[in-house]
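**Q** Based on these hints, arrange chains B and C on the given structure of chain A.
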Amino acid sequence: MTGGTVAVGLRGVTKVFGEDVIAVNDVDLEIRDGEFFSLLGPSGCGKTTTLRIIAGLEFPTRGSVQIYGEEMGLRPPNKRPVNTVFQSYALFPHMNVEDNVAFGLRMQKVDDAEVRRRTGEAIELVRLAGMGKRKPNALSGGQQQRVALARALVNQPKVLLLDEPLGALDLKLRQTMQLELKDIQSEVGISFVYVTHDQEEALTMSDRIAVMNEGELVQVGRSEDIYESPANLFVAGFVGDMVFLPGEIAEAGTVRLAGGEAVRARTSSAPGTGITLAVRPEMLHLYGDRSDAPTGRNAIPGIVVRKIFYGEALYYEIDIGTSGAFDVRVENVPSAKRWDIGDSVIVDFHLEAATAFAE
Amino acid sequence: MLDERSDGLPGKANPELERRAQRRESWRGFLHAVPAYVYLIVFFVLPLIVVFVFSFASRGRTGRPNLEGWNVDSWTRLTEPLVTTIVTRSVVMAIINTVACLVIGYAFAYWIATRPKLSTRNLLLVLVLIPFWSNFLVRTYAWRMLLDSDGYITQLGELTGLWGRLLFTLPAVFIGLLYGYLPFMVLPLYAAIERIDWSLVEAGRDLYASGTRAFLKITLPLSRPGIIAGSILVFIPSLGAYVTPDILGGAKTTLLGNFIVTQFGAARNWPFGSALSSAILIVMVLATILYFRSGARTI
Amino acid sequence: MTLHEGVTTGRRVQRLLSFNGWLVFAFLYLPILVVVVFSFSGAENVGIWGGFSVRWYERMLGNGPLLNAIENTLWVALWSTIVSTVVGTAAALALDRYRRWVGRGTFDAVLYMPVIIPDVTMAVMLLLWFTQIGLPLGRGSIILAHIAFNISFVAIVVRARLGNMDPAMEEAAADLYAGRWQAFRRVTLPLIMPGVLGGGLLALTLSLDDVVITSFVQGPGSTTLPVHVFGLIRRSVTPEINAVSTIMVTASMVLVFSSLAIQRRE
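Residue numbers (our numbering), protein chains in the order written: chain A, 1 to 359; chain B, 1 to 299; chain C, 1 to 266.
Hints in this document: simulated from the structure, not taken from any laboratory. Where a beta carbon is used, it is the ideal one built from N, C-alpha and C, also for glycine. It is possible that some hints are incorrect.
Stated by the list, open to error - From the structure, some residues in chain B lie toward chain C, with a derived Cβ separation under 8 Å: (1) Gly29; (2) Ala36; (3) Phe54; (4) Phe56; (5) Ala107; (6) Tyr110; (7) Leu127; (8) Asn135; (9) Asp150; (10) Thr169; (11) Leu239; (12) Gly240; (13) Gly257; (14) Leu281.
As the list claims (entries may be wrong) - Far from chain A, by Cβ distances over 10 Å, these chain C residues were calculated: (15) Gln14; (16) Phe19; (17) Ala26; (18) Leu30; (19) Glu44; (20) Asn45; (21) Gly50; (22) Asp96; (23) Arg139; (24) Tyr177.
Extracted from the complex, chain A is given alone in its bound form (with noise of 0.2 Å):
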């Protein structure tokens, strides 16, 4: 999949703007050869200051960038190579799209026969065949951002940088561009780092990705691992959907709730340590009665009172007493039951589904 050289190296890169203001803060991070490598989190979170410094439009306050083991030091974007797809495109509106794709090319003095043929294949490899003479302002939002693309890409940088590219972008058509993105990276092989604030967008496209929280990176691992095994309540609730239940830690292995439910979960805190419980709603199942479900599971009772129709899944919120509720997804196909509100039912769930979390 991918190789074991490092293409991008951080080492306590740290960026403070102003006095006070730690944009980010001591992210060591190794991205490697061939990967397609996502640095999610919500607004504000560091991510695109991280990435302006890979580019060389921000320089941080302390650390070090190295791509493919060269120091990149002071050089200025123009000197590095990598190319960023930027999240308004930054289309120069008064050339049209093919002098846009060979504007890196004609800077880097590459002869015209050259800049001729490259310009041609980057259009060709982003399907906008034909389009080489029109302006940007002529184009819809998926053309521009693929124009975008092509112009990065024509350059040969040995890493790709894209800073949200489809946030402008309806839902199908941010999808379809998911994937055509993806299969560019693998035709074309090289890095590519990804920033997104859409979790669902960097679980897809992404080989690893990286959260990052109010300046620092929270984890790093590969896309199951992030979704699975969050390193903490932060990444469990960003990344998918998440029911949290407060309570406190009864014994290794087992967790009290507010309403004195003993549920068995992962738990890594001592007895008595106040503890959220996280668990994802498709691994809860519902049952109408006890004898229903499955033995050796957990297995708590409550009311449905709120049922909510997504198309490809139903969401019921269980009311299961002091304690909280339950969200529960059931997939819709023909065999599940259907439940109505007011319906008693018992919320089942393997003994390892819940992590506790420590506050």
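**A** Positioned in the frame of chain A, the structure of chains B and C alone reads:
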């Protein structure tokens, strides 16, 4: 490996990197400004100082300043009744003109800005621009024609019995100033009103505001930047107006501008002219400082 | 912003506004029209119609001092516009694109001061200064004076235009290997060109319009058209002034239309 190449141990403070980059940026910015900076210092700041210095000089034989005898004669003359009359007249005239321009100009700009079709608005704007860019002198001269003994306005006045020959009176100067500076008020006002998000006014109407109240409470405050810009662009030149009062006014209607110019002409009193000019400069500078202090960031 | 349904004003107010609108237009145009019409009047006295004639235009064309004044005006306008546009644009870039440099705050204040002082004061300042440093008064001194106030106007116009430009453009250019000067020439300049031209046009107009400052710092034989006409008006009013005025108004209209044509190309 990483450690050796960077400016210090990883994680340890290397402010050198960022500060060096900042210094480079700083230098570039400075270089861009240098020509303008130098030019303005030589041809604006230094002259400013000279005027101030000369206001303390004594009057030489030809009227030119004689720097031997330092005195504040020129400054004390500022309190003479003649001077205060002229200053008061000028200030009042400038204020009246600004207010008149504001009232008429706002209605006019609002009317243009609320024409539904963009092409209509553009057309009307072009029609305003043409007189605006026509030579100021020509426009003032036109009124000289109209207000003279055989002028049409005079004839109209005589016909209706409302007024006689208006030339060389204060009303004539007022008309000239209003005519001259109205476009200066209209254009910034139009720019500000045109930019208003009308959905805000709609929201106000939705919340039970009447048309008038919506205007007073929403539209008017939102157009404030235009009002301020237009008022500055009208008040200041009105205060120092010279051409208009010279062409349309007479001896009895001397305004500050004429008065100052006379000091460098017939009256031959350069130090006094300098004092008058310095006084205006001080007022203007103070007003600007106040304006920027009040939070405005640019004109 | 288009005016929506909910914002229509009452009928009466609408009519008042429209009436005011047309009245203002009449107010703005009639005097100019009168001047133009009477430039074709054959009568000796201004304001009296004496049959159609172009004698005043003929007189104008043979008027030596007038033609000299026109030449001076154009020469001064040309040089002051070019210099002030270049310098003013650089100043606008310095203020908009670079956030921190030595003396930035003071520069910002000093740059806007020529805009807010009356031209009488500026005229006095420059005359005293030129006298003090012994600068000979002539066409050169007029050009220097015009540049002094035009830089600020150009800077204001260009700065407004810069503010509207997406800063990511220049970042993209740098990301695509453009050096500083290349990025400026290929990306920034084309994008701010309407602003630069607008500022240049404003500088040109202000230079062509100027009376007071020019009259103070001019030397013998280097008078400009507005100052010359001003002198004519003060001495004796003849319809020849109407003819000159009509030419000037026509020139202004040409300027307005060309500036609009430039703006169309955005």
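**Q** Please verify that hint: Gly29 of chain B, Cβ, nearest Cβ of chain C, below 8 Å or not.
**A** 3 Å, holds
**Q** Is the hint on Leu127 of chain B kept, meaning its closest Cβ partner in chain C is under 8 Å away?
**A** 6 Å, holds
**Q** Identify whether the interface hint at Phe54 of chain B stands, where standing means a beta carbon of chain C within less than 8 Å of its own.
**A** 6 Å, holds
**Q** Quick check on Leu281 of chain B please, does its C-beta sit within 8 Å of some C-beta on chain C?
**A** 6 Å, holds
**Q** So, as I understand it, the hint says Gly240 of chain B touches chain C; can you test that by seeing if any CB pair is closer than 8 Å?
**A** 2 Å, holds
**Q** Hey, is Tyr177 of chain C genuinely clear of chain A, shortest beta carbon separation above 10 Å?
**A** 4 Å, violated
**Q** May I ask you to check that Ala26 of chain C keeps its beta-carbon over 10 Å from the closest beta-carbon of chain A?
**A** 40 Å, holds
**Q** Using Cβ atoms only, decide whether Ala36 of chain B comes closer than 8 Å to chain C, and label the hint accordingly.
**A** Given a least distance of 4 Å, the restraint on Ala36 of chain B holds.
**Q** Minimum Cβ separation between Asp96 of chain C and chain A greater than 10 Å?
**A** 17 Å, holds
**Q** Return the status of the interface hint for Phe56 of chain B: holds when the least beta-carbon distance to chain C is below 8 Å, violated otherwise.
**A** 13 Å, violated
**Q** Are all C-beta atoms of chain A more than 10 Å from that of Asn45 of chain C?
**A** 56 Å, holds
**Q** Run the C-beta distances from Leu30 of chain C to all of chain A and say if the shortest one exceeds 10 Å.
**A** 42 Å, holds
In this structure, the hints that do not hold are numbers 4, 10, 24, in rising order.
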